[in-house]
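Enquirer: For the record, the sequence lines run as chains A and B. Residue numbering for the first sequence follows the working numbering, starting at 1 and increasing by one per position. Residue numbering for the second sequence follows the working numbering, starting at 1 and increasing by one per position.
Calculated from the structure, these hints are not laboratory results. Glycine included, C-beta positions come from ideal geometry on N, C-alpha and C. Be aware that one or more of the hints could be misleading.
Dumping the calculated SDA-like pairs for lysine to any residue here, alpha-carbon to alpha-carbon at most 20 Å [to be verified]:
(1) A:Lys64 x B:Arg32
(2) A:Lys152 x B:Ile369
(3) A:Lys21 x B:Ile369
Listed below are several chain B residues computed to face chain A (Cβ distance under 7 Å; list not exhaustive) [stated by the list, open to error]:
(4) Ser17
(5) Gly43
(6) Ser46
(7) Met50
(8) Pro69
(9) Ile347
With the Cβ distance kept under 7 Å, some of the chain B side facing chain A (calculated, not the full set) [as the list claims (entries may be wrong)]:
(10) Asp42
(11) Lys44
(12) Val47
(13) Ala53
(14) Leu67
(15) Gly334
(16) Met346
(17) Leu349
Read off the chains here:
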Amino acid sequence: MKTTVLKCLLLDADVIIYLFKIGLWKAFMDRFDVFVSSTVANEVCFYRNSIGNQISIDLKGEYKSGKIKILDIDAEKAYNVVYSTINRDTGPELHMGEIESIALMMEKDYSNLILCTGDGGAIIAACLLGIKERIISLEEGMTRGGMKKNIKKQFTKRWMKKWKKQGEVNLIQGIGLHKEK
Amino acid sequence: MKKREGIGKRLRETRRSIEMTLKEAAKKAGFRNYQTLAKIEDGKRSVKAMELAILADIYARDISFFLSPSPARYSFSISWRKSKETKKLPIIEQTLKTLLERYLSLEEKFGMKERRPSLPLIVKKHLSYESAAELGEECAKFLGLGKRPALSLSYTLEKDRNIPVFYLKLPGGTSAATISSNDISAICINSNEAPWRRNFDIAHEFFHIIYPSKSDSSCGLNDTTNIEKWANAFASGLLLPTDVVQKFFNRFRTKKELTVLNLVMGANDLGVSTAALVWRIVNLGWIKRIDAEELLQSDILKAQDREIRSQISWESPHLSNHFVSMVFKAVSEGLLSRAKAAEYLMINLANLDTVFLKEGFYTDEDYSIKVPIT
Chain A
1 MKTTVLKCLL
11 LDADVIIYLF
21 KIGLWKAFMD
31 RFDVFVSSTV
41 ANEVCFYRNS
51 IGNQISIDLK
61 GEYKSGKIKI
71 LDIDAEKAYN
81 VVYSTINRDT
91 GPELHMGEIE
101 SIALMMEKDY
111 SNLILCTGDG
121 GAIIAACLLG
131 IKERIISLEE
141 GMTRGGMKKN
151 IKKQFTKRWM
161 KKWKKQGEVN
171 LIQGIGLHKE
181 K
Chain B
1 MKKREGIGKR
11 LRETRRSIEM
21 TLKEAAKKAG
31 FRNYQTLAKI
41 EDGKRSVKAM
51 ELAILADIYA
61 RDISFFLSPS
71 PARYSFSISW
81 RKSKETKKLP
91 IIEQTLKTLL
101 ERYLSLEEKF
111 GMKERRPSLP
121 LIVKKHLSYE
131 SAAELGEECA
141 KFLGLGKRPA
151 LSLSYTLEKD
161 RNIPVFYLKL
171 PGGTSAATIS
181 SNDISAICIN
191 SNEAPWRRNF
201 DIAHEFFHII
211 YPSKSDSSCG
221 LNDTTNIEKW
231 ANAFASGLLL
241 PTDVVQKFFN
251 RFRTKKELTV
261 LNLVMGANDL
271 GVSTAALVWR
281 IVNLGWIKRI
291 DAEELLQSDI
301 LKAQDREIRS
311 QISWESPHLS
321 NHFVSMVFKA
331 VSEGLLSRAK
341 AAEYLMINLA
351 NLDTVFLKEG
361 FYTDEDYSIK
371 VPIT
């Protein structure tokens with residue numbers, strides 16, 4: 001049964017790789033409507049298991065079978081959404097996958113999307129863009145989906161809190177923003 | 001619409017600059033037909049985020065180059081050390097330029113640019129083989145390279161002198177390059193080469209950085225021009241300073257002879273080729289040239305050299321030790337996302353932790369703890 005409190009999750013590349021690594025990918029798909037940006041879907045193609053072997057990930061296959069939804073957006077539009085506010089030289093520099101994910105969240109049609117990430121740069125960017133309430137840690141997602149497992153520090157609520165705090169400070173002090181903003 | 005045309009134009013210019021055809025690029029990028037890419041280049045179709053990420057990767061450029069066009073901040077010149085038969089290397093040149101751009105961008109983020117140390121410059125225009133070797137020795141002292149200069153040179157240039165040493169897989173017949181911008185130089189080494197060869201190449205290229213040559217043209221591997229001879233002599237003096245070689249040599253002086261095994265092990269210990277050590281000893285006048293030639297031709301030396309060297313790992317650093325540590329620092333300060341860091345390091349995101357770990361950085365640690373300085 002899919003959770004009604006938190007339904008639509010947009011996943012960052014690191015989160016997807018980690019979910020495969022800890023064997024919770026399928027459980028996650030059962031509990032949430034999983035969305036992935038097209039760039040992230042293209043980028044995530046394997047993970048390394050505990051002994052370092054490369055195991056392939058087929059997100060396009062998951063998409064074809066209707067288990068996940070892949071969303072895309074124009075490059076220029078996505079870039080402007082993020083970098084018309086954030087100064088690339090002084091603020092966080094993001095990968096196109098994260099830029100696309102954040103830009104999608106700011107589209108009217110996807111105002112229900114919540115981004116699940118553990119990336120410091122992406123969290124700071126979300127704070128600078130005023131959407132910090134719409135990003136959660138993997139641990140938070142797992143809790144809301146009724147899952148429990150010890151996870152890497154990068155995906156914990158505590159880690160998210162730390163970076164959100166940093167993002168708030170940056171926003172107040174104007175660090176990483178264009179001067180005129 | 002105008003901006004879309006601008007992106008298309010940049011994509012076309014970049015593709016052409018690396019000598020890639022429209023069909024090749026379209027195939028690599030996974031477009032069903034090349035006409036789609038042609039439309040993007042003509043500004044008749046917008047480029048999707050994923051498509052641009054793929055194209056930027058193929059063209060060895062950052063996405064911002066296409067989306068945030070601003071006048072080029074840096075102009076680079078590259079001098080290759082390769083055989084004349086080796087073709088032009090447009091994509092590798094672009095990769096190298098992008099790497100140095102990223103390095104400079106991180107420097108700016110950390111405010112390191114202002115703290116960049118100055119370099120010793122060779123003021124003499126005309127050198128002899130001997131004076132070039134002496135300069136190499138002086139440089140080894142100046143840089144504080146210690147008892148095994150070949151093993152500390154790369155680290156010292158990167159950490160103390162801010163000269164990045166990039167290791168890339170270069171095609172056969174290409175050993176190294178120097179790349180220079182207005183105010184920074186970097187060295188590129190062929191990671192396919194043997195470690196001792198790479199050490200020598202770094203020293204050789206370092207000469208080209210500090211020698212005031214106006215020419216930025218490339219030179220051949222077996223080039224016999226004066227500058228190339230001086231660069232080799234300089235490298236020899238830098239990696240094998242007299243006191244270092246003397247110390248090695250004195251161990252055997254009482255016996256009045258050097259065995260092949262002593263030489264092979266000594267060279268291995270010093271991080272240079274056996275031939276380099278032998279010729280250095282010849283040039284210092286401690287053994288005769290004719291004996292050296294005979295020795296280097298001997299099958300015993302070749303066999304022992306092969307045997308001992310086969311035990312050594314040929315693994316080179318991933319791109320550059322210092323660059324990896326800068327990228328890690330940027331990630332831990334929230335200045336780069338992890339996926340962007342993987343792009344900076346030209347690896348898949350799934351391999352990022354492994355690359356960091358090789359440099360001793362454990363990604364699950366919290367590096368933000370601060371201690372006040374008293």
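Enquirer: Under 7 Å is the threshold here; is the Cβ of Lys44 of chain B close enough to any Cβ of chain A for the hint to stand?
Expert: Hint violated; Lys44 of chain B Cβ to chain A Cβ min 14 Å, cut 7 Å.
Enquirer: Given a cut of 7 Å on the nearest C-beta pair, is the interface hint for Asp42 of chain B held or broken against chain A?
Expert: Hint violated; Asp42 of chain B Cβ to chain A Cβ min 15 Å, cut 7 Å.
Enquirer: Measuring from the C-beta of Gly43 of chain B to each C-beta in chain A, is the shortest one below 7 Å?
Expert: 11 Å, violated
Enquirer: Per the CB criterion, is Met346 of chain B less than 7 Å away from chain A?
Expert: 13 Å, violated
Enquirer: Take the shortest C-beta to C-beta distance between Met50 of chain B and chain A; is it under 7 Å?
Expert: 4 Å, holds
Enquirer: Regarding the pair Lys64 of chain A and Arg32 of chain B, is the alpha-carbon distance no greater than 20 Å?
Expert: Roughly 18 Å separates the two Cα atoms, so the pair holds.
Enquirer: Take the shortest C-beta to C-beta distance between Leu349 of chain B and chain A; is it under 7 Å?
Expert: Hint on Leu349 of chain B: holds, closest Cβ of chain A at ~5 Å, below 7 Å.
Enquirer: Holds or violated: is the Cβ of Pro69 of chain B closer than 7 Å to a Cβ in chain A?
Expert: Since chain A brings no Cβ nearer than about 11 Å to Pro69 of chain B, farther than 7 Å, the hint is violated.
Enquirer: Lys21 of chain A and Ile369 of chain B were given as a pair; does the straight-line alpha-carbon distance stay at or below 20 Å?
Expert: With a Cα-Cα distance of about 29 Å, the restraint between Lys21 of chain A and Ile369 of chain B is violated, given a limit of 20 Å.
Enquirer: Check the hint pairing Lys152 of chain A with Ile369 of chain B against an upper bound of 20 Å on the C-alpha distance.
Expert: Given that 20 Å is the threshold and the Cα spacing comes to 18 Å, the pair holds.
Enquirer: Against chain A, with CB atoms and a cut of 7 Å, does the hint on Gly334 of chain B hold up?
Expert: 4 Å, holds
Enquirer: Quick one, is the Ala53 of chain B hint okay against chain A at 7 Å, beta carbons?
Expert: Nearest chain A Cβ about 4 Å off; hint holds.
Of the numbered hints listed earlier, those contradicted by the structure are 3, 4, 5, 8, 9, 10, 11 and 16.
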